[in-house]
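Protein chains: 2
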Amino acid sequence: MEKLKRSHMAGILRNEHIGKEVILAGWVQKRRDLGGLIFVDLRDKTGISQVVFDQEVSKEAFIIGETLGTEYVIVVKGKVYERFSKNLEMPTGEVEVFVEEVEVLNDARTPPIYIKDDDQVSENLRLKYRYLDLRKQNMQKNLKLRHDVTKLVRDFLDKENFIEVETPILTKPTPEGARDYIVPSRVNQGKFYALPQSPQLFKQLLMVSGTDRYFQIVKCFRDEDLRADRQPEFTQIDCEMSFVDEMDIMDINEKMMAHVVKGIKGLNITLPFPRMTYKEAMDRYGNDKPDTRFGLELINVTENLKTSDFKVFSSTIEKGGIIKAINVSGEADNFSRKDITNLEKHTKDYGAKGLAWIKVTEEGVNSPIAKFLSESEIQSVLDKTEGKTGDLLLFVADEPSVVHGALSNLRNYLGKELNLYNKDQCNFLWVTEFPLFERDKETGRLSAMHHPFTAPVDEDLLLLEKKPEDARARAYDLVLNGHEIGGGSIRIHTSEIQEKMFQVLGFTKKEAYKKFGFLLEAFQYGTPPHGGIAYGLDRLVMILAHEENIRQVIAFPKTQNATCLLTEAPTTIDDDQLSELHININSSEENS
Amino acid sequence: MEKLKRSHMAGILRNEHIGKEVILAGWVQKRRDLGGLIFVDLRDKTGISQVVFDQEVSKEAFIIGETLGTEYVIVVKGKVYERFSKNLEMPTGEVEVFVEEVEVLNDARTPPIYIKDDDQVSENLRLKYRYLDLRKQNMQKNLKLRHDVTKLVRDFLDKENFIEVETPILTKPTPEGARDYIVPSRVNQGKFYALPQSPQLFKQLLMVSGTDRYFQIVKCFRDEDLRADRQPEFTQIDCEMSFVDEMDIMDINEKMMAHVVKGIKGLNITLPFPRMTYKEAMDRYGNDKPDTRFGLELINVTENLKTSDFKVFSSTIEKGGIIKAINVSGEADNFSRKDITNLEKHTKDYGAKGLAWIKVTEEGVNSPIAKFLSESEIQSVLDKTEGKTGDLLLFVADEPSVVHGALSNLRNYLGKELNLYNKDQCNFLWVTEFPLFERDKETGRLSAMHHPFTAPVDEDLLLLEKKPEDARARAYDLVLNGHEIGGGSIRIHTSEIQEKMFQVLGFTKKEAYKKFGFLLEAFQYGTPPHGGIAYGLDRLVMILAHEENIRQVIAFPKTQNATCLLTEAPTTIDDDQLSELHININSSEENS
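The listed protein sequences correspond, in order, to chains A and B. Here the first sequence stands for residues -18 to 573, numbered as in the numbering used here. Here the second sequence stands for residues -18 to 573, numbered as in the numbering used here.
Any given hint could be a false lead.
One copy or two, it doesn't matter: identical chains are merged, so the pair holds either way.
Derived lysine-lysine pairs resembling DSS-like cross-links, with alpha carbons at most 25 Å apart [said to hold, decoys possible]: (1) Lys109 x Lys495; (2) Lys236 x Lys125; (3) Lys132 x Lys246; (4) Lys491 x Lys109; (5) Lys109 x Lys496; (6) Lys67 x Lys448; (7) Lys260 x Lys404; (8) Lys448 x Lys329; (9) Lys352 x Lys287.
Think of the hints as simulated: they come from the structure by calculation, not from any bench.
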């Protein structure tokens, strides 16, 4: 048990503490021996204070000071003085503590990674020694930010009469359609729990139960191949409300987000947030999560080029394709041919076969495709795109999904490259009226775009049978700076429409009841109209922290291989344990 | 989309609303047609309001009113009036709403259980129709109470500079020693994640990382055979602090509990909480979680009876056993022989072979064993137990664990039966200085009583090798009204003592590193002294809600068979899915 009790955190010492006796506890960030004095940067999660060992203050302390290594854990007692040579880049840089007593609480081996924010070590090494990596000030800042975001959310929802209700982790497959993680049951031989992909069904059942306003900040699980911003387990802010429509839900949620952004960044966000239909978002941005901090909108020039002699354009249009352009205004002189070839790369991942371009110069247009276009076609395109001298026009011609994918990706790249927005700006946007279904290109099967509990727009109800693909959903996504941070919908609340929905999705009534019978049955006992939303907390915090990767805001994340480099999970387990769970490992690989 | 928007909750209407136009939404609790009027009890989670359909107010509404069935979901608009015949037992009983407009949002089949608190239906039916069961006011109250408790905890810890950090659910086996739930990995063939029994290792790693003050309200998992107050998944309030000792942790935690009790019950709890060593708790109450709301302490009369001729007593003492008594003061006349035989039952579950008794009457002692005892022995026992006229003395003689188990169980039964305490009272107690180890009676193996990361009391360090069973742990439990609601310890923070600990527990160094190597390694890079505590949230809320069963405070609990009667989890799954996970079901039962 240490004898000295910490009185202050290391990061908070200022001029006002001069003359005070303090006790600090923390880690040795750095030790310098200089002119008969020992200077130690003492670090805790709040920051660093300089502490000085001086023989004339305490010979005993000085002798111990000489033994201190990097990352030793110490507690020191001493008086705060004005610093001789101030360091104004450090918040505590005007003062230092002269050590009267010191206690070494633990020593330390030389750490395999440096404890500083810009350490350039590989992420794998950082993950293996995560407990050292988390000593970095920026990582501690991210953990604190995450805590603050959830606190702000909880405070807001509590005030609005939502209650947090925990739903089961050991449960039944949920309707999202990704692969489930499963858990063998020991007591119920041959049976398995699924870890929830979301609390969707339970939160709807809570609405059936009259809970009225529910929320939960909760772990969800999807066994999918991981991209940069995915993890096998992730956290949702999950909400549901009864007796409401879209407007009510959007209204309370934008107030919540404004509360969060105000609390974290001190910014006042204008309410209501802008709202845009899915169709408009696709038309103008090629994307259902547009970053509205900058322009560079997509301009449809199909009509203007439909009589073109240029084969690439005309054949695209013949096959039902489209041509869209971006006007990179004023940038013609800043992009060489080589630069434009580089831009083209950002479209190819999305299947574009090429990126056509026109520079508008004092002398007319400069473009490899100019020779295929008539004067009037060029003029018509310039009119449509508002192209003027100095502008660079970029074109993609293909089927709509390719054009939209390619140009929206290029647009996001250019927005960042050309510094078209302020990093601290927060542009929220509601995207509404999503299609209810999407059709798998290969199998031709319909699936629910959001999930099968999403209500159709009332006036599209009859389309369910006749033209399901044209039916719009009462669904909405919340977009922040080009990221989808949340999505939700008004739910179906009658078993008739729910059964119809399953029928359109190709389920027999029996299948539907086998999977979701408890919900279909619940709908028959008096279910209120209800709807909700779920946010990806990891992604939201990542954006607010200005990080590029959700692993930066998760204390103990997994790799893209779904392993934890720190604990080495997953691991092998004993045969006895498997046998108790009534399972064997299938060592011969039978699956394709 | 409903046309009418709710303006008020049903449970809040009072005299002050008279004359106001309100819109209520909810469920039809009851409909009565009386004297040309239709009276409907409209229920939402806040309570019930009476709404009246009167042809003279609205003929259209009245016609719809005639069609309303139990649990129909409706929204009504109307004016609040003073009620003609007031019902002062209902909070809203002084007013009623005369309906001008009504909309039926959903109809309902006759529910299989009644929506009222004292419905006497089987718990299994309640669990199958949990969404109906949760409509009951007491269940909604419990959900709200649970929300309020977690909110109070989070607010308190946030103010005290704790941050909530999420730790992984898909992880490695943790050190608690119960059976793990496991999750097969698809990507890493033949390997498994374990669901955490607690975040113990991660929270210690967070202390290594300098996070300083951590908490989390988090799901934990144990695959054990379930008792009444256990669930496969349960929720912990988990805390850890650095640079502290026991006193700091107890101090901040009792402030937290006082904050919770004040917030929930409005009670002011005196701080600090009483503290008692494990040894004293066992001596005085036979129990390490004594209910201190009442006396009936255990009194050791072994010395007083050691020369007794009564074979049961003398042979017990010869074999190293003890005799303890409870003085049920003033109750001699209230317990017949038959009553005492009933009391005996409460000792037999704990292995007691019998319950001896003495009634102290005006005429001397009345007891079946009196004839075996000498006058001086009887006097000595009366002196020790402070037995006086009217008292009933109850005795158990056996080995200490049986005596303590039997008498503490009997004591708790009597405390409740005899109404010795006020149900609303909150008696907290810290129990300290637990043994570090316990020895398995059958195998003779030592295991950690708390867990293997618990620090020994400094002065007992040398006992680790010589007499491990005598070593005390720096562990503490928090007891509330006879329930252990939380437990924690100061942790070992050096790899030397941690390795020694594993050695005493019979691990080779290699085994210890295989299981917990990442923690042992972490301890070498500068680990601060640290400790913490974990609370069982379900049990805490159960006690505060005056419930007898944690299922009453869990929205969707599982049965003792670890199944969910609502969703029918766990379920069978497709062979394809198993094959993708590289496992088979072991249909022939090989395990014993």
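Comparing the hints with the structure gives:
In this assembly of identical chains, the alpha carbons of Lys109 and Lys495 lie at most 25 Å apart only when taken from different copies (15 Å versus 44 Å within one copy). Taking the shortest Cα distances, Lys236 and Lys125 sit within 25 Å of each other both inside one copy (22 Å) and across copies (23 Å). Taking CA atoms no more than 25 Å apart as the test, Lys132 paired with Lys246 passes in both settings, with 14 Å inside one copy and 24 Å between copies. Taking the shortest Cα distances, Lys491 and Lys109 sit within 25 Å of each other only across copies (20 Å), while inside one copy they are farther apart (49 Å).
In this assembly of identical chains, the alpha carbons of Lys109 and Lys496 lie at most 25 Å apart only when taken from different copies (16 Å versus 40 Å within one copy). Proximity of Lys67 to Lys448 under the C-alpha cut-off of 25 Å is found in neither arrangement, the shortest distances being 73 Å within a copy and 56 Å between copies. In this homomeric assembly, Lys260 and Lys404 never come within 25 Å of each other (Cα to Cα): the closest approach is 27 Å inside a single copy and 61 Å across copies. For the identical chains of this complex, Lys448 and Lys329 are neighbours neither inside a copy (33 Å) nor across copies (72 Å), given an alpha-carbon limit of 25 Å.
For a Cα distance limit of 25 Å, the shortest separation of Lys352 from Lys287 inside one copy, 16 Å, qualifies, whereas the shortest one across copies, 117 Å, does not.
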